[in-house]
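Asks: Protein chains in written order, with numbering that gives the first Met the number 0: chain Y, 0 to 492; chain A, 0 to 492.
Some clues are possibly wrong.
Intra- or inter-copy, both count: the list cannot distinguish identical chains.
[Said to hold, decoys possible] Think about it this way: if two alpha-carbon atoms lie no more than 25 Å apart in a straight line, the pair counts; the simulated SDA-like pairs of lysine to any residue are: (1) 193 - 128; (2) 193 - 385; (3) 193 - 350; (4) 193 - 387; (5) 193 - 127; (6) 193 - 259; (7) 193 - 21; (8) 193 - 160; (9) 193 - 15; (10) 193 - 474; (11) 193 - 22; (12) 193 - 122.
These are computed hints drawn from the structure, not numbers from a lab.
2 protein chains.
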Amino acid sequence: MRRAREVELALGPRPDGVSLQHWLYSEIRAAILSRRLQGGARLPASRDLARRAGVSRGTVLAALEQLAAEGYLVAVVGRGASVAADLPDQAPEPPPSSRPAAASTGARLAARGLALIEETPFPVAAPSWPLPAFRPNQPDVAAFPLDLWRRSAARRSRLTRVDLLADGEAQGYGPLREAVAAHLRQSRGIACEKGQVAIVASVQQALDLLARLCLDPGDAVWMEDPGFPGARLVLAAAGARIVGVPVDSCGLDVTAGRRLAPNARMAYVTAGRQAPLGMPLALDRRLELLAWAEAAEAIVVEDDYDSEFRFRGLPLAALKSHDSGDRVAYVGAFSKMLFPALRLAFVALPGALVDPFAKALSLTCRYQPTAAQATLFDFIAEGHLGRHIRRMRLLYAERAEALRDAASRRLGGALVIPPILMGLDTPAFLAERRDGAAIVRRAAERGVEVRDLSYYAVDRPAPAGVQLGFAALAPAAIDEGMARLAQALEEVR
Amino acid sequence: MRRAREVELALGPRPDGVSLQHWLYSEIRAAILSRRLQGGARLPASRDLARRAGVSRGTVLAALEQLAAEGYLVAVVGRGASVAADLPDQAPEPPPSSRPAAASTGARLAARGLALIEETPFPVAAPSWPLPAFRPNQPDVAAFPLDLWRRSAARRSRLTRVDLLADGEAQGYGPLREAVAAHLRQSRGIACEKGQVAIVASVQQALDLLARLCLDPGDAVWMEDPGFPGARLVLAAAGARIVGVPVDSCGLDVTAGRRLAPNARMAYVTAGRQAPLGMPLALDRRLELLAWAEAAEAIVVEDDYDSEFRFRGLPLAALKSHDSGDRVAYVGAFSKMLFPALRLAFVALPGALVDPFAKALSLTCRYQPTAAQATLFDFIAEGHLGRHIRRMRLLYAERAEALRDAASRRLGGALVIPPILMGLDTPAFLAERRDGAAIVRRAAERGVEVRDLSYYAVDRPAPAGVQLGFAALAPAAIDEGMARLAQALEEVR
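So that you can see chain Y by itself, here it is in the shape it has in the complex:
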């Protein structure tokens, strides 16, 4: 018996960086799991094991104790350790250590799981850097006053109280919610109080939760057509039946929406600056949309993603500023106002959704990181947010001009860029019919990133053209990019 056991306990070589104790533990564990050591078999005395393995007896005892705690061994007083007798026969082989188990094909996704991953509107890998011309939807992070932010963060971290390390409120850090409400009152004309505001990680998270709260699978949602795929896909993944509603020069065609899906439960609208076409939703459309929402008891989600950056005058009042019926969930993010990797966004909610939203957020995520919320609060309270937005309005306005100027000099009328009144990017319409996908491809070969407007199509073809970002690009980069884009356009006739 003794000899058989000793054969079974042949110890493999110790890999680099593995402690003696862990090596011994792993070898014995592997021997048991592979049935080289059978249930009930007695282990050699710890003294003998120590001698054979060339380790101290303390190390052996620690390894055996670990194995006993994990159920591989049982200790019998006076007789040392034995292999546990009750391991099931179907014990799987342990995976080879420090390599992941082979990717199985077994993890079956659910049908709705497939809907979650069917299309990815955002790059899953970190996007390339530095930013190429003309990637849309990008603020200029290089113009962000990082020093001021660091100062707020450092001050905050000096002041950090221990209770800010403990769990926070699901709805968000109170002072930040108050600061957001004040900003929305002042800058967007929204009658808004702290109690209505929830802090979320992103617009995507807000849309996801609103859909799951307000929609049952199959419920219809009005989606601007063309419109933002990030919204379309997250709503569809939540089971919404997406109804593309055409957009004309006044924005969402509410009359068409009433015809296509009068009983929709939700409408998604970029009222401040239609994504991707750029016009604000006209006043009569706004009022018509709200009247419909009241009658249909639908929720209107206003995604105000970049209309803070209006280049002349003040930003236009938000759709929610007309929301006497309390049907609008207004969603905004600090990604464009400050920088994307901050990952803080906010919702001004209809009264009836405040409590449900906080509960749903708590269940599916809990709350946003307190340190970042507190730093952001300081940054706003010190006036830096307002100043930064005002500076960026001037900077981006110059760049919008530079874009239109470069286009008119370089493109010979091939792309028509309407006046740019606000935002970080613009549509550029093809003067004559050309293959948009080919333009995107040819531009990419020249290091220029443009987005085909068909990316935004829902139920009908989008206007022929591309989307060009300008806000993050210095005028020289705009001009250089435009020269390359001109070459690409040349090639696609």
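Please arrange chain A on chain Y, whose structure you already have, making use of the hints.
Replies: Coordinates of chain A only, in the frame set by chain Y:
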């Protein structure tokens, strides 16, 4: 006509803190929306308006321009501004400024929205502070080396490159994922690589996404009974059919699970330390569970919430360390290891779920804040995480002893506390039948927070007793709390 218009344009008083321009804008807007100014009506000349309002003509022009941009006015060359003619009749009244619209009862929640908010396992408001004895599941944030953390954060923010402000990877910051993989290899015996790791905000977010990826509504999930309501409710809200599987002294009764729901698509298990009863899942059960999961093609979610804190020897190997069939999604969080408000957690995924998980995370949330991820990476790379956990093991072990000691001195056997081998809290079983809810209530009246074990019940009654947290409490607070708990127990006979 002129006179009528002038009557309609009666201007209300200017509220404090509102600029002249905004006041004028608001008054005219309100007059139009309320039909005091009718469609087509001509406004007085800007010069007259300026005189009447007592403001400069520039202010009037800025206000009128804003109103024109928002569609309230149309400008006719040579004739000044007129009210837009095409406002719909059903224009809602604007909400009174700087008060939120009255909470409507109109926001109908969807059926599955109600499931999201039916029960709230976490406090939606920030929990009271300082921490009362014996709130469960709390690390000692006062023992967190905040100075070291601040140093990592400051160093990181000095080094921050601009590209770290731009969008990051959905799966998480690469260096942090590598550090997490190394930690899991070393501390939990998991054969794990960076590519399998995703960084999430919380265990809740991981559970939510795993459910939505792997379960269609109505699919069965094994849930430990008693078991963690945070998991039960988020899985149920995602449409899972929860099957409570009994727990005995060896943890989840896998044989019972196979009988109750052989074709479940998922099993949720706290293998390291059963929540709330405290025992690890026995080895034979582990192997049986994995064998079932392979045969049923089910996913096992291992929630390893606090078994890092094992008081003697090393932490037990994770269930996932046996996962040769690649069926286990291992979920852990830094909330207990570091501090809750950090809001970073991680999943070690089966190979087949890596890509779907990253895509689903990207669609429903995007990615976690880069600065916090980078600071955490530095903190781990500098060895602070490992050291902090080792320090806390010693500290929490002392407090576990203090708890058992105080209980045996103070409670006269009314509560039976089993040996505490790890974790932040312990079950305490009632020696004789008493009303758990009454104990909780009486204790609360004395400022002591205990949790009835029935909080964890799924399909069958939980053992009679309460859960006591000890890790965040100094021995004196433990003793004082126990004295009060003894009084509460006295009153509930």
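Asks: Give a verdict on every hint.
Replies: Each hint tested on the structure:
1. 193 - 128: Between copies only: 22 Å across chains, 37 Å inside a chain, cut-off 25 Å.
2. 193 - 385: within (19 Å within a copy, 40 Å between copies)
3. 193 - 350: This pair counts as within: shortest intra-copy Cα distance 12 Å, inter-copy 43 Å.
4. 193 - 387: For residue 193 and residue 387, only the intra-copy Cα distance (23 Å) is at most 25 Å; the inter-copy one is 37 Å.
5. 193 - 127: Between copies only: 20 Å across, 38 Å inside.
6. 193 - 259: neither (36 Å within a copy, 48 Å between copies)
7. 193 - 21: Between. Shortest inter-copy distance 22 Å satisfies the 25 Å Cα cut-off; intra-copy 54 Å does not.
8. 193 - 160: The answer is within: 23 Å in one copy meets 25 Å, while 34 Å across copies does not.
9. 193 - 15: Classified as between; 20 Å across copies, 57 Å inside a copy.
10. 193 - 474: neither (40 Å within a copy, 40 Å between copies)
11. 193 - 22: between (57 Å within a copy, 23 Å between copies)
12. 193 - 122: Intra 33 Å, inter 19 Å, cutoff 25 Å: inter-copy only.
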